[in-house]
Structure formats: structure tokens, C-alpha cells
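Chemist: Protein chains in written order, with this note's numbering: chain A, 1 to 727; chain B, 1 to 196; chain C, 1 to 105; chain D, 1 to 372.
No lab work stands behind these hints: they were computed from the structure. Being a predicted model, the structure only gives us computed values, none of them experimental. Careful, some of the hints might be misleading.
Stated by the list, open to error - A few chain B residues that face chain C, going by a derived Cβ cut-off under 7 Å, partial list only: (1) Ser11; (2) Cys18; (3) Leu48; (4) Ala50; (5) Val110; (6) Phe111; (7) Gly112; (8) Leu142; (9) Ser157.
Every residue, glycine too, gets a C-beta built ideally from N, C-alpha and C.
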Amino acid sequence: MNYTISTIAPIFLLPFFAFVLNCIFIKKIPKIVPWVSVAGIVGSFFFALAVFCDFMSVYNTDYYIHKIFNWIDLSHGENVFKINLGIYIDNMTAIMLLMVTGVASLIHIFSTWYMKGDVRWERFFVYLSLFTSAMLGLVLSDNLLSIFMFWEMMGFCSYSLIGFYFEKEEAGNASLKAFMTTRVGDVFFLLGILAIWAVVGSVDIPSIYAAIAEGAFEGKSVFGIALASFAGFCIFCGTIGKSAQFPLQVWLPDAMMGPTPCSALIHAATMVAAGVYLSLRMYPLMYVGELNTMIAYIGGITAFGAATIALIQKDLKAVLAYSTISQLGYMVLGIGVGAYNAAFMHLVTHAIFKACLFLSAGSVIHSYHDKYMPNMGGLKKKLPYTWIAMWCCTLAIAGVPFFSGFVSKDRILGDALFMLYTNNAFFIPAILGFVGAFLTPFYMFRMMFLTFHGKNRDKDKYDHCHKEKLTWNQNVPLLILSVFTLGVFFSGSLTGQGIIKVVSPEGKDWFKVLVEAPVQTNLEKFEGRKKQIFSFIDDRDKTPLPQTNYEHQSGFAGPGYDINSEEAYNDLHHAHVEGAILSVIIVAFSILLAFGMYIFGWISPSFFYDKLSFWVKAIKNKYFMDWLYIDVFIKKGLLKLNNFLSWFDSGIYDRYAIDGWAKVNKVIFKASHWFDRVVVDSVAVDGTAVGTEIFSLVTKSVQSGYIQKYLIALVGAIVALAMFLGF
Amino acid sequence: MFANILFSVSSLLVISSCILMMWTKNLMHSCVYLLGVLIGVAGLYLTLGADFVAATQIMVYVGGVVILMLFAVMLTGGKDYQSQTQKILNLFPSMGNKYTFMWGVGVAFVFGCTLIYFFRNLFSVIKVIESDDSYTPTIERLGELLVTDHLVAFEISSVLLLGALVGAAIIARPRKERPAFIDDIVDDHHHDEEHH
Amino acid sequence: MISLKAYLFVSMILMVTGLVVMISRKNIVAILLGIELILNSAALNFVAYSKYAANNLDGHIFSLFIIVIAAAEAAVGLAIVIRFFQVKETIHIDEASELREELTR
Amino acid sequence: MENTIAGYFLSFAPVQHLADSLGVGFTSFLIFFAFCTLFLVILATVGGFGTIAERKISADLQARIGPNRVGPYGLFQLIADGIKMISKEDIMPRSADKFLYYLAPFLSLFGVVCTIAVMPFSKNLILTDLNVGVFYAIAISSLVGVGIFLGGYASNSKWSLLGGMRGASQIISYEIPVTLTIMMIVLIAGGLSFNTLVAEQAGMPWNWYIFHNPFTFIGFFVFFISTLAETNRAPFDLPEAESELVSGYHTEYTGIRFGLFALAEYIEIFVVSAVSVSLFLGGYHIPFGLLEGTFSNEILQFGSLFLKTCALYYVVIWVRWTFPRLRVDQLMSICWKYLTPIAIFNLVGTAIWIVAFDGRSMFDLFFGSGVH
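Could you build all of it, start to finish, from the sequences and the hints given here?
Modeler: Encoded structure:
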């Protein structure tokens, strides 16, 4: 395949052009706006598919495409200042592109059903196109600067989409909250970019990799902290903000105020995925900066805490929102424990089943006209297709074997267990992860039971709800997505542990082979690489890359432990098998508990409410995080500070400094006015005018206006000139 | 041989035509004498081997400029005006006065002498190339020169012509009369004032 | 062989005649006629020098451009004349004095 | 000398003997003189026959008989007319501008007759093959407009003046589409001389420039319509519109001066038709190159050109007696709003065609370069 402007740019540009066109169409011909958006993203999907197929056909870890073009060139003489934009596509990008475009296409299609007839529903597609194009741009970008630009573009889009129903005050507040909370992370991210710039002198990803491989970060520090740690931490803060990790997770539940398809997009394919994607990209930096423990802690806490909050939610979408936070916590945990491959896999699988879950939830809410689970129940008969799709996804997210969630989550947990064996510091995150794995099936099954099973609890709405028919834009997207919740697509084997091999490229676990952590041993390929200019002509070197032997790349082992040794490999294998068995047992218990509580009625939920009342109170208040931020930080702290500053500004600065200066000016003005009137105006200006007038009286007689006089003068002048020159 | 005959005829035509043009009172005749001058100059170009320039001269001047002049004379009446101003310009009589010819000859003499004197050294400076009378076609070389060395001037002259075309059309177009409804409005206004 | 001076003589006569016409006549069209004469004399000089002094075709190019400019000038000039006639009902050159301030003060 | 008729005849042995005794210059002069006279006579005869043709063809179109008294089929009518015109009194209006009144018909005829200097009657029967031939022809024929205008002005009559003004403005305007169309052909042929223009059209009719590409096909009709207007022929005969202006610019002319105007008009039609034939319809070429290299070939070529020109002449007359006359504003709008833009479009289109297909004709493209 040729990697040129015409084959790569459409992936990003088709949705973007759809956005631009829609901006024009929305006033004149709003009818076609949704279809332009759908056409844009579906076209983009096919281009992404072409890229993916190319990478699958090459099937090599070391294969990547990096092409640049000059964006800004302010070089002058020897001072080189160039900003290059470009594309960087490796295996991860290719998979990500396919996932984003595919999921976004289905969400677009679903939206044409869900949003039809809604207020401003055409405008929704405008935002959707821009959102998708921003995410695709971010994925394609080769440098942190353009990643940051697209990152901010997504921030804006999420702001617009969350506040889509801006008539509602909560929606407006939620959008503001999302925007402001992610802003905290963005500031750190920018700081991280600057730190990297300071060391590497460039912000494109291969350069950073090469610099890390050369050891450019060694021995450098800022504020007494190692610079790699500082930069890595700052960039990880961006992830915390965008992917709703522990301290900054408060915005994501509120993001439910937007329309459900946009929630699907934010929670699955784009917004939160971007944060984890960034951390995965900057993985070597975290590695060098030794931030793994912190990352693992944050991931574990998030995974566990969000899962507990999800247990008692009544809103259908809120359960899904907290489950999103929890699953994102797993991804971050995966990054922390060195399960790079598994974390990315979980990103992809989670995107697919979470998109499907949200779309299903949208289908339920739109059909049932209610979003509170206590009012639902027994919807299985009314919404059979949605029920099937949602069960598939539930099984996947719960980590039931043969489904994708099991494959990916288990690998994370397996690595966590391995780290637990080798390094004591990872004890708490690993345990939190396993506890979260216990809670996940429970709250998801609870949601399913409350929604679809049992008796209905609101007869009016139930009767009002039409029986679902198979329509191409309502439930066909759900069913398509639910097919991909099977683990076989991702693992190459049914369980992901190499027990049952199923056909995959070369009979191997393709995901594991292709996505390889960029650690020291394979970063060396970036050293001394040649930059390719992104052009209309493919100037790629056609020679095939050497095949590398696949070895498992584990992350951070404890000191004195050789991770490449035979012993380590065996340990890892054992840990994975143990982890798998352990999590299957945990999931089984969890499901049993859910059945017992909601179907068979062995245990009443109120039993737990009574026993753990303090805990439940904390959960109900979302661990007091909102209270902490809004009431303590903002109302007690920032507002006070603002009042003080305002008083200082108006009372002190304005009154004394500015007004006083005005009085001084007044005096100066009077003096200069006198000078201007008397000296300048009367003497200089009028005097000059009179002088000019007198002079003009003499000279203007020459300008008689008779052309023939001029002509005579011209002839005379020529004669005189000739005489002067000649005689 | 042919060239000499052509030169004699052409220069005779040029000189006689331009003297007649200066002489005659009738502007229409003046224009026709100008035609003679132009054709004569075209003949002189031919003796110099400038075939394309000669053809262009006839094409542009005879087919365009002279007819325009004739039009202009006809549309404006072609009167021969007398001088209106006092003082110095009266010394330069307009056509028809008996002094005209004297003045013409006088100015011609002074100016011609000056020019000759001014350029007298030029003839020694210029090395006159004694080329033979053989005739070489110029048109291909002219074409090449126009689109290579003189391309900018060529393009600018095209812009100039376009500007002249549009400008002439706009300038000569009669101004629109004031629309009738404006008068009505003004009248209404007056009526209102009278009522008050 | 005709000498260069012969051409220059013809050209000089054209030039002087044009000058006389321009100075002595009061009709704007007549003045334009005089301008045409002067332009022709210049063009003739260019072609003559091109043959006798330079032996290249630059003079031809120049005279072509002179012809072009003369055509443009005639078109615009005559349009102005006709417009002038519409306004003033005369084309006396001395009537074109709207922009002149009177000398009295 | 090489491109002139004198050069051609000097290659014949008897003429060379004459040149040896009389000198080359004088012999050339004699040849030129002879052929100028010959062509002038031929053209005058053609012009005279033009009047007869006009009358006979119009009679035919209107189911009349036409002149039939003088000679067989009334063919000697032109001699009778000529004698009448010469012998009639030459009247001049009292208030006419004498000088211009006398000058005008001669200017008109001068402009027409000068064009025969470059008329390609055959490969060598061309007085001089100037390398600016076609340009010269356009340039010198614009004198006709001056003649018409001066004639109209000098008569000092309202009819004549209006006719003269119309004629001049019409001729100036229609020169633009004519020139642009000729430029199109010049682009294809790559030269301005008539022999260059005709050279590529040798052989069968599909080599004619009218079939070279779609633009030339349109261009031929643009050219034909514009030349009708240039020669003041119906439906563009506004300068002499009988129903409005009595007889237009030659209302006041009588006798031989009127005859000169009429002759100029009919010769101009012939000349313009010949130019059309040379530019678009293969010129003097005959198929298969019969008798090539001999003097008979020249005669055949002359016949070929004459035949085609007469056919076109017939069409011109046919048009005159078929179509009604246009109004002045229609005339101008046809020129400036239709013909000129079409001509510019044709010019650009032909240029693109030449670049795109390497100057090959349509037929060449379809049937390959082997067929000629």
C-alpha cells in the first residue's frame, strides 16, 4: 500500500470535511446533514481498513510508517526553528484507527435513529463529525504538539456535546465541569510537552523514543525530580484528566447529560480512549521515569472505587459511566504493571463492548422513555435484539470466558499477579484489581436483571413501549458490535491463554505479536532513522523489514530480576494461568451472588445496605469527591481568594493608582493644551499656511491650465537643454 | 531599386500629407491626410524590412484609429476654433490665420535645428551597419521575442488595451437621466412643507 | 541603399509637423492627430535605428508597442472628447479649465 | 523573389532568355505588371458577372426569369450596364465635400484590389506570397471601411451619413471575430503566408481545416457570418438598407463612381470567399495531386479554387435573398455577445486541441496517420 496524502489524509479529512460541509449545509439544507456525516465516517472507515489490512499483511512488530511535512518554518540563517507535522502509524495506530472509525461509524448510524426529530439534531452530527475527526487526527499524529491540538479540539467537542441540551441547567453545568476538570490535566500535559521539548528538542514520537533509547533523559532533573519522572508525570496527568482517573474522575458521570450516542462516543472510542492512548504512546517515558508504581496505584484505586459506586446506581447510564471509569482504571493498572499489550487490548475491546452497551442503553431509554432502572424490568420481551446485544456485552465486560473482556482483563490481572509475586509494592493495586474484577460482573448483572428480567414495575410505560423491530439504524449496529465482543477476534484463541488455538495469522496470538511494548530493546530501531517526507508519492523503502522473534515483553520487575530469563518466562506463564483460574472463580462467585440477590432472592440488597451503612453513605456521595472539589476547593478556597483579589483590584489598585494617575494627567493636559493652542497652532501651523499662501500666489501663475502653453514651455525647455548641453 | 522607388514615393506621401494636414482648415481633410501619412509610414517600414510592423500599422491605424478620428470629428462638428484667451496664446494663431504657416515653419526651423545640433555627434557614434537589401522575414523572430524577452511588456500592454476598452466604453456612455420618481419624491416633500 | 539620415529627416518632419499641429490648433481632435504624428515619427525612428544601428528586432517590438499605445490612447482620448462635448457642447481646448483656480484673490 | 510569381516564371527557359537581354529587375517588373493587369481584369470580370449572377440567382429563387435580353441568357447584360455607367453623367451634390467625394470610391476599390497581391490562385500563381499574407489582407481591406465612411460623410446627405456610420462601425466590429478566427487557423498551420496556410490541406476533403477539429468547424461558420457583415452583404447590409436609407452611403453617387462602389463590393465578396476557401476548404488543392509539377497542375488548381469560391459566392447570394435584414442593435449584439465570445472560445479550444493531440486532426486521430 502507498502511504501518501491521498491514502492517509482521508481518514482524518473525510469526517473533517463532513464537518465543514455540514457547517454550510445546516442553515440551508439541514436534511442532508446526518447523511453527510455518516458518509464521511464510513468512507474514513474504509481507508482505515486499507491501512489495517496492509499492517496485517506485513505482520511485523518493527513495521511503522513515519512521514512528515513542514508546517511552520521560521528558520533564519543558522537558527533552525521548524515545526513539522506528520503521521506516525505503527501496529497500534492501525488497530486504533480501525476501532475508532468502525465504532464511530456504527454510532453515527445509530444516531440517525436515536436523534431523529430531536431538537437541533442536525447540529449534533456537526459536532459528532468534528469529534471523530479530532480523535482520528490525534491517533494519526506523530508528535505531541498536534496530539495536544486535537486533544483540545476533542475537549471542545465534548463540551459542546455534553451541553447539547443546554436548556437544562444540569447539562450546562456538566459540560462546564467536564471542560474545567479536564483542563487541569491539560495544563500538566502542556507542561510535559515543554519538558520533553527541553530535553529532546523535538516532540515527535519517534524522536522521543530515539532520545529515550540513547539515554537523553539520564541525569537530568528539574526541581530535584528526575526530568523523565517529571515529564512522565505531567503527561500522565493529562491522561488522568482525559481518562477520568482517580482524582479527576468527577466529570465523567456528569457527562451523561449529553445525548446517549455522544456518551457512547466519549466513553468508548474517542475521548477517554485518547488519554489511555497517550499514556501508551509515552510508555517508555513512564518506564524511564519509574512511575509505574504510582500509575498502578491510581489505576487500582480508580478501578475499585468506581466499581463500588456503580453497585448502587439507579440510572442505567450512570452504571455504565462508572463501569467505564472502572475499566479505564484497569487499563491504567495495566500500564502500571507493564501489561502494555493487555492494556491496549483492553482499550480496544472495552471500546467495542462499551459502545455497544451505551447504544443499547440508548435504545432502551429511547424506547422506554425512562432511564431509571427501578422503573424498568421485564423488557426482554419488548426489546429482544437489544437484550441479546446487551447480554453479549455484559458477559464481555464481566470477564466471562470466551468473551473479549476476559481475554484482555485477564492478561492485565495476570501481569498484576506476576508483579505481586515479584515486587511487594504492587500488592495493593493487584488486590484492588481483583476486588474490582469481583464487583464488575455483579453490578453489570444487576443492571441487566433490573432492566430486562423480572417483573415490570411501571405498567404505563411498559404498555407504551413498542415491540422492537429489526431496523438497520436501531439495532443492527448493536448486533454488529456485539459480534465483536467474542474473544476469538482478539486473542487468536478462545481464552487468550494459548489453550485453544484458533485460526489467526500464522496461528499465533496476533494482538500479542503486533503490539509490543516500546521498551529499551526495541526502541533502538528509532535511532538514526531517516525521516520521510509526507507527500503525494509514496517514497517508502520497499525492502521488507527483518522478522523479529517474538518474545514476551514484560514490564517492570523488581530489582535483581532478569525478565528475559527462562525462569521469569515460566513465572509469568504460571502467574497468567493462576490469574486466569482465579478470575474465573471470582467471576463465577460474583455472578452467583448477582443471581442470588436479584433472581432467586436468597439475599436482599438491604442486608448489605444495613451491614455496610457507612460505606454505602460514602458511595452514595461518590466518596465526597464532588463535595471536596466544589464546596471545599472552589467555594471555600477559590471564591475567597477571588473576592480578596477583586477587592484589591477595585478598592486599592483602581482607586489609588489609576485615579491618582488620572489627576496627574489632567494637569499635564492643561499645560500641553495651552502650548498646543498658542505656540503650535497660532505660530507654527497658521504661520506656515500664510507663508505657503504667499509663495503660492507667485508660483501658481505658472500652472495656467492651458495645455498648449505647457507644450510651448516643453519645446523651449528642450531647446534650452540642447543649448546647455551642446554649446 | 524597388526599395528606392518605394522610399521616394512613401516619403513624398508622408511629407506632402503632413504638410497638407498642417495647412488645411477642414478637420475631416486633416484626418484623411493623416491616413496618407500613416500609409506612407507603413511604406517606409517596408523599405526597412519591417513587414509585420507595416501590416500592423495599416491594420491598427487605418482600420481603427483613423475611423475613430473621423467618427469623433463628425460627432463633435469638426469646427475650427479660434483662440479665446488673451495675452501670449494669441501669438500662436489657430489654423486659417495667415501667421500659421510662418509660425509652423519658424518652430520647425528652430526645433529642427536644435534636434540636428543635439544629435549631430550621434551619427559619428552610431556605427551604421551597411546591410544589403536582401529581405529576411521578421515575423517568427518577432513572435519569439514577444513571448520571451518582452513578455512582461506584452502582457502589460494586453492589460492596457483591456483597460482602454473598458474605460472608453464607460467614459463615452451617456449618463443616466435622473429617474422620474426622484422628482416625485421632491415634489411630495414640497407639498408637505406647504401644508405645514 | 537608403541612408539612415533620410529616415531621420522624414521622421523629423513628422515630429515638427505634429508639434505645430498640437500647438496651433484649438480643437482637441486636431491635437490628438498631432499626437499620432509624433508617435509615428518616434516609431519610425525606432525601426530605422533597429535596422541601421542595432541590427536586431527590438526596435520593431518598440514600434509595435507604440502602435498599441496609440490605439489605446486614441480610444480613450476620443471617448473623453465625446464626453467633453456632451457636457460643454464644444471641444475647444481652452474650455477644459474646470480645475483651474482663477488667478484673482 | 522566390515566393513571387516573377520568381516562378523566371525558372522557365524563354523567360530566362528575356531576362538575360532585359535584365532580371525589368523582366520581373514586366511579369508583375502583366499578371497584375491579368488578375485585375479577371477580378473586374468576376465582379461584373457578380451583378449578373445576383440578378439571375435572385430571379431563380423568386421564380422569375431575370435579365434575358442582351446576349444569350442575358449574359452580356454586364457590358450593357458597364457602358451605361461610364456614359452617365457624374453628378455631385452642391454642398458635398468635393475632395472626399471624389476620393471615397477609389479608397474603397483600392482596399479591395490590394488584397489580390496575396491571393493564392494556385501554388505559384500568387503575385507574392508575403509571409504576413493573411494579416496583410485583413489590414488592407479595412480601407474599404474608410472609403464607405468618407463616401457617406462627403455626400452631405442624411441617408448617406447614416449609411456611412453604420458601415464603418460594422466593419470595425466584425474585424474582431474575423481576426480571431483567422488566428485559430494560423495556430494550426503555424504561419501567416497563404501557401503555409493552404499547404496542410492537400489531398482529400477530410484534410481541410474545417474538419480539423470541432472548433474549426464552428469557426468556419463564425468566419462566414462575419465576412458577410464585413462585406455589407445581406442580412447585414445595413449601410445600404434600401427600405430605410434609400441606398445608404452611395445614395448620392451616380455613374462611374457608383459603379466603382458596386464593383468594389462584388470583388470583395469574391476575395473574401477565396480567403474562406483558402483557410477552411482546402484552398487551391486538388485530390491525388494530379499532374503535379507541371504548368497544367497550376491551371487545375486555379480551377479548383475558382470552383469552390464560386460555390461560396452562390451561397452568399442565396443568403441575401433568403434572410431578412437585421436591426442595428441586433447586428452589434450578434458581433459582441455571440460571435466574439465564440471566436475566443474557439481560439482557446484549438490551442488546447493542438497541445492535447499534438496538432493532429480529427480524422487523423480516428483513422490513424496512415490514411491520406
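Chemist: May I ask which of the numbered hints given earlier this structure violates, with the numbers listed in increasing order?
Modeler: As far as the earlier hints go, only 5 is violated by this structure.
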